[in-house]
Amino acid sequence: MSSHLQVPSQRSSSSTDNLVKNVPGYTTPVFAGKDAQQARVDSEVASKGFIPAPLVHGEVSWFYSNLGIDDTYFANENPAVISDHIIALYAAKIQAYTKHDVNSLVIDLEKINENGTGATFIHTSPPGVTSTEGPGAACEARIDDLFLDTKTPYRLETYRSQGSVSATASQQLRCYFITKCSFPPLPAEESDDIRLYSDPVFLEKASENTLQLYQTAMRSVRARRYGPVLSHYQVEGTRQHRLVIAYDSHASGTRHFFSALSNLYHFYALYSSRKYVEQFSNGITIISLYLNPLPGSPGGAPPIEHSIYQVVKEASLLFCLPDNPFFLPKAPGTHAVQEATYAYCGWIFAQHFCNRLGPAYLSLRNVLDETDPMHAEVLNDIKRRFREETFTRESIAGIISSYPELIRLLYVNFAMIHYPTTEQGGAANMMPTLSYQRLQTVQPLSDEELYDKLRRTVPNKHELQVLESFLIFNKHVLKTNFYQPTKVALSFRLAPDFLPEVEYPKKPFGMFFVIGNEFRGFHIRFRDVARGGIRIVMSRNKENYSINQRQLFDENYGLASTQSLKNKDIPEGGAKGTILPSLGANPRSCFEKYVDSIVDLLIPGQSPGIKEKLVDLYGKPELLFFGPDEGTADMMDWAALHARDRGAETWWKSFTTGKSAETLGGVPHDKYGMTSLSIRQYVLGLYKQLGLRERDITKVQTGGPDGDLGSNEILLSSDKTVAVIDGSGVLADPAGLNREELIRLAKLRVPVSNFDKSKLSKDGYLVKVEEHDTRLPSGELVIDGTDFRNTAHLRFKADLFVPCGGRPEAVNISNMAALVDGEGKPHFKYIVEGANLFITQQARLYLEGRKVILFKDSSANKGGVTSSSLEVLAGLALSTQEYLDLMIFKDGKPSEFYQSYVRDVQEKITENAAAEFQCIWREHARLGGSKSRTLISDELSATLNNLQAELEGSDLFEDAPSREGVLRRAIPKTLVNKVGLDAVFQRLPEAYQRALFSSWVASHFVSRQLELRATDGDIYWLI
1 MSSHLQVPSQ RSSSSTDNLV KNVPGYTTPV FAGKDAQQAR VDSEVASKGF
51 IPAPLVHGEV SWFYSNLGID DTYFANENPA VISDHIIALY AAKIQAYTKH
101 DVNSLVIDLE KINENGTGAT FIHTSPPGVT STEGPGAACE ARIDDLFLDT
151 KTPYRLETYR SQGSVSATAS QQLRCYFITK CSFPPLPAEE SDDIRLYSDP
201 VFLEKASENT LQLYQTAMRS VRARRYGPVL SHYQVEGTRQ HRLVIAYDSH
251 ASGTRHFFSA LSNLYHFYAL YSSRKYVEQF SNGITIISLY LNPLPGSPGG
301 APPIEHSIYQ VVKEASLLFC LPDNPFFLPK APGTHAVQEA TYAYCGWIFA
351 QHFCNRLGPA YLSLRNVLDE TDPMHAEVLN DIKRRFREET FTRESIAGII
401 SSYPELIRLL YVNFAMIHYP TTEQGGAANM MPTLSYQRLQ TVQPLSDEEL
451 YDKLRRTVPN KHELQVLESF LIFNKHVLKT NFYQPTKVAL SFRLAPDFLP
501 EVEYPKKPFG MFFVIGNEFR GFHIRFRDVA RGGIRIVMSR NKENYSINQR
551 QLFDENYGLA STQSLKNKDI PEGGAKGTIL PSLGANPRSC FEKYVDSIVD
601 LLIPGQSPGI KEKLVDLYGK PELLFFGPDE GTADMMDWAA LHARDRGAET
651 WWKSFTTGKS AETLGGVPHD KYGMTSLSIR QYVLGLYKQL GLRERDITKV
701 QTGGPDGDLG SNEILLSSDK TVAVIDGSGV LADPAGLNRE ELIRLAKLRV
751 PVSNFDKSKL SKDGYLVKVE EHDTRLPSGE LVIDGTDFRN TAHLRFKADL
801 FVPCGGRPEA VNISNMAALV DGEGKPHFKY IVEGANLFIT QQARLYLEGR
851 KVILFKDSSA NKGGVTSSSL EVLAGLALST QEYLDLMIFK DGKPSEFYQS
901 YVRDVQEKIT ENAAAEFQCI WREHARLGGS KSRTLISDEL SATLNNLQAE
951 LEGSDLFEDA PSREGVLRRA IPKTLVNKVG LDAVFQRLPE AYQRALFSSW
1001 VASHFVSRQL ELRATDGDIY WLI
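846 is the number that UniProt numbering gives to position 846 of the sequence shown; each next residue is one higher, with no gaps.
It should be emphasised that the hints constitute simulated quantities derived from the structure, not laboratory data. Mixed in with the good hints, there may be bad ones.
Per label pair, the in silico range of CB-to-CB distance [claimed, not checked]:
(1) Glu770 to Ile743: 23 to 29 Å
(2) Gly965 to Pro505: 33 to 39 Å
(3) Arg850 to Leu617: 48 to 54 Å
(4) Arg195 to Tyr97: 50 to 56 Å
(5) Phe50 to Thr28: 26 to 32 Å
(6) Lys180 to Val30: 22 to 28 Å
(7) His100 to Phe50: 19 to 25 Å
(8) Asn586 to Thr27: 47 to 53 Å
(9) Glu190 to Glu110: 37 to 43 Å
(10) Asp193 to Asn977: 47 to 53 Å
(11) Pro505 to Lys180: 57 to 63 Å
Listed below are the simulated BS3-like cross-link pairs for lysine-lysine, each with C-alpha atoms no more than 25 Å apart in a straight line [said to hold, decoys possible]:
(12) Lys507 to Lys542
(13) Lys475 to Lys542
(14) Lys893 to Lys720
(15) Lys978 to Lys893
(16) Lys931 to Lys829
(17) Lys111 to Lys93
(18) Lys893 to Lys973
(19) Lys747 to Lys720
(20) Lys797 to Lys829
(21) Lys908 to Lys978
(22) Lys111 to Lys34
(23) Lys180 to Lys34
(24) Lys151 to Lys111
(25) Lys48 to Lys34
Ideal Cβ placement from N, Cα and C applies to all residues, glycine included.
Produce the complete structure using the sequences and hints provided.
Okay, structure coming up:
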């Protein structure tokens, strides 16, 4: 039943049928001891006495000769196990006879080897019956969980018996044989030879042509990406097709893919005669399916070519979402994979973007004064509560499941726009290639007809709003990889026009929405040329995950918005990405899928053999700049190299910042103290303006010596630090923490839990998060170390507070009063907010109203963004060879160019931070303290951003002498002197040049005008 395949030349992952000869692709060695084993089994069955003696020989002979089980089974099993299987089959036949229904015969056997070397599964399996309906229920899902989705590699062979279980019952048996792989040692150097990574049993059984076929598939995966690469072939003289799917299992992290594939081809009226799963020591997995049309298929059934085509097209969707609750077996009989995947994406979209704020909220907002910090925070809390309670994940899923026909219509509406065709965007050529079984009976509706259909079908406004969100989703997707044949997650470039102004007053320029099986993510930017970090939001438990899930987009929006304030004097606007892994998911795998799926939408679709041309309603090239953030600092190298491997020849060098200095020419913030240099300018500015000596200042710090900001704050300062709070616990000493010990930890980059407690005074203490019932020197009992750590920043008093780490909104309207004692005296005189969003806007204004001198994050914490901006500039301005020669370390040492460029970066950070500090300080003094420094900082950021946008849209850039003069000053001298201004102009994209020109003019103009200004009372007079 197998096919011997002639290996084709290199072809696309969605290759069409290739006719091949009808000879075996796998050989099954004949079991020479079969007759002798049968005799022993005869005796074994007879000795147990369950089957009447006259019937024993007939039952055993039928099992060995008529049932048509592959010899692999008999070679792998011992007589005792085989005899048990024969008795079990006999018992099942007896039970079916008593029911007077021979077709109710059921057998479901499994034997898992105690030493973990493999297993055998046997069950009755009518062709084409899904795993939820047949007697082998959940068998393949169990095989996935126990073997195929584990770190230990196994190979699998499964065959359908050629004969029936008896002369009267038509059922066939399906046998699964799982064996643990035994690989040779990995080769010293990477090789293309599949034999070096193969299990010897596979090499023994696979034909030469199958080896060559798998070799081609393996090369395709390694050369392209780790999404599934698919090929299918028709066997000559038959209706059988062979589908081969290869992917990198180490990188992909997909689960339950093997069992999900069965549900997929069953849905399209196909069944498999045999299947193989081969795993290789280089991490590649190859699945081979032999597919046939169901016997006795009705005349109206689609041709097998249509069904095979759908399986090929939809396998990558299944690879991305194998556990989709809207597809079989979780929702039997409802949706095809394309529709189910669309339903899942709409489900996630609705969770985040259903308009949850009704007229009651709008009325309340009109009553309250949003400029009042208290009122604004109350509105924010009410807004959050509405979002949590109005539409839950479960209620949205229930609505989707209640209206399957409407979901089909909504899907067709989506597909008519985004399905790639020969004439992009045209529907005429699309109908035959969409979900064949569905679209032949579904009449596409216009937007107006569809909306009217929703309105008339769904009487409940709550349910209608959920379904309307699907239509909103359809109308705002500008491009997607949904129909790309090779992908690892689903990505959508959205036009952000649908975001309600009442919730999101500042409209983003663009946003990406990414959905994977074990994560979801967003990327938001506020200008075309924009840069920001990618943050992984980890969850401690199910409750915390639920909270993070509800707040993910809002957190992303807030971080990107803050980033846009911080990026006011660099060419890149604000951007941010967030990734929320599911509980237990591998964050690295989530990040890699997130990046790969976004790259799908950034690279033109004409790369042969990688992807099909997608429908691009945006119509313009896009270039994103990613940076490190929480949980992704060590992943920037991979992202840059992956972009290069995907074909981003011109921009891979600038795709990510925070790359390793030695191997990829990055400029690490922690090593050169880039972010801390900016924060220190504010601290030093305070000391200078107020005439303070640093060694006399007491300080509290969040973010410990294991972090970038925390370690550099310790290394750069000489104050009297009385408390450090980090992820590991709380370290405090009113006499001042031993600075030598703090420096030791900072240089080692380890948390405060490693502090030598012998160097604490009698009143000092260290409380770790894992500790319980700890007694402090004061006598206070700390019941839970984690709870104590979470609120410790509210209990200490000092001159200076420098947050260098911690979760957003750690100080907010509900706890800000705790930073002021009963007499109205604040705990801190000065706050320099190093950590992003550590203090809410309302809390900042509250503290400043109590005479705290506070500098917010968007002003103080911008050294890192300046460094990253100039790292991007180097990547864009240098050719690949220049970049390799000048930015990559040689023998572990940086070039003179690199060292000079880093000094340029540090000087620029110091210059920008000092200039902004002076702007804010002077403006606050000029206004007599009537306006808070927080609002001055915001107005300065808004002014610079607005002026930069206005300049980008003007014709000032077209004046060549002005353009050259500005860019000569804006670009670091080291880069201009080495490359030359003309070469830089040729290499920098025009959009980037405009942004660079406008940001330099805006920042220097505003800074100069603020120096000269004497009487005007509002910054906005500048524009």
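Against the structure, the hints come out as follows:
Our hint of 23 to 29 Å for glutamate 770 and isoleucine 743 holds, since their Cβ atoms are close to 26 Å apart. Under the hint 33 to 39 Å, the C-beta atoms of glycine 965 and proline 505, about 37 Å apart, fit the expected range. In this structure the hint that arginine 850 and leucine 617 lie 48 to 54 Å apart at CB holds, the actual value being about 52 Å. In this structure the hint that arginine 195 and tyrosine 97 lie 50 to 56 Å apart at CB holds, the actual value being about 51 Å.
At roughly 31 Å, the beta carbons of phenylalanine 50 and threonine 28 sit within the given window of 26 to 32 Å. In this structure the supplied range 22 to 28 Å holds for lysine 180 paired with valine 30, their Cβ-Cβ distance being about 24 Å. The hinted window of 19 to 25 Å between histidine 100 and phenylalanine 50 holds, with their beta carbons roughly 22 Å apart. In this structure, asparagine 586 and threonine 27 break the distance hint of 47 to 53 Å, their C-beta atoms being roughly 37 Å apart.
For the pair glutamate 190 and glutamate 110, the beta carbons lie near 38 Å from each other, so the given range of 37 to 43 Å is met. Between aspartate 193 and asparagine 977, the C-beta spacing of about 49 Å keeps the proposed range 47 to 53 Å intact. Between proline 505 and lysine 180 the Cβ separation comes to about 59 Å, which falls inside the hinted range of 57 to 63 Å. At roughly 32 Å between alpha-carbon atoms, lysine 507 and lysine 542 are farther apart than 25 Å, so this suggested pair is violated.
Taken as a hint, the lysine 475 and lysine 542 pair is broken in the structure, with Cα atoms around 33 Å apart against an allowance of 25 Å. A distance of roughly 36 Å separates the Cα atoms of lysine 893 and lysine 720; the hinted pair therefore is violated under the 25 Å criterion. Our distance criterion of 25 Å between C-alpha atoms is met by lysine 978 and lysine 893, whose separation comes to about 19 Å. Of the supplied pair hints, the one linking lysine 931 and lysine 829 holds, its CA atoms being roughly 18 Å apart against a limit of 25 Å.
For the given pair, lysine 111 sits about 21 Å from lysine 93 by alpha-carbon distance, which is consistent with the 25 Å threshold. With a CA separation close to 22 Å, the supplied pair lysine 893 and lysine 973 stays within the 25 Å bound. Between lysine 747 and lysine 720 the CA atoms are separated by roughly 19 Å; this keeps the pair inside 25 Å, and the hint holds. The straight-line distance between the Cα atoms of lysine 797 and lysine 829 is roughly 9 Å, inside the 25 Å bound, and the hint therefore holds.
With a C-alpha separation of about 18 Å, the suggested pair lysine 908 and lysine 978 falls inside the 25 Å cut-off, and the hint holds. The straight-line distance between the Cα atoms of lysine 111 and lysine 34 is roughly 20 Å, inside the 25 Å bound, and the hint therefore holds. Proximity of lysine 180 to lysine 34 is assessed by CA-CA distance (about 24 Å); at most 25 Å being required, the pair is judged to hold. For the suggested pair lysine 151 and lysine 111, the alpha carbons sit about 21 Å apart, so the restraint of at most 25 Å is met.
At roughly 21 Å between alpha-carbon atoms, lysine 48 and lysine 34 fall within 25 Å of each other, so this suggested pair holds.
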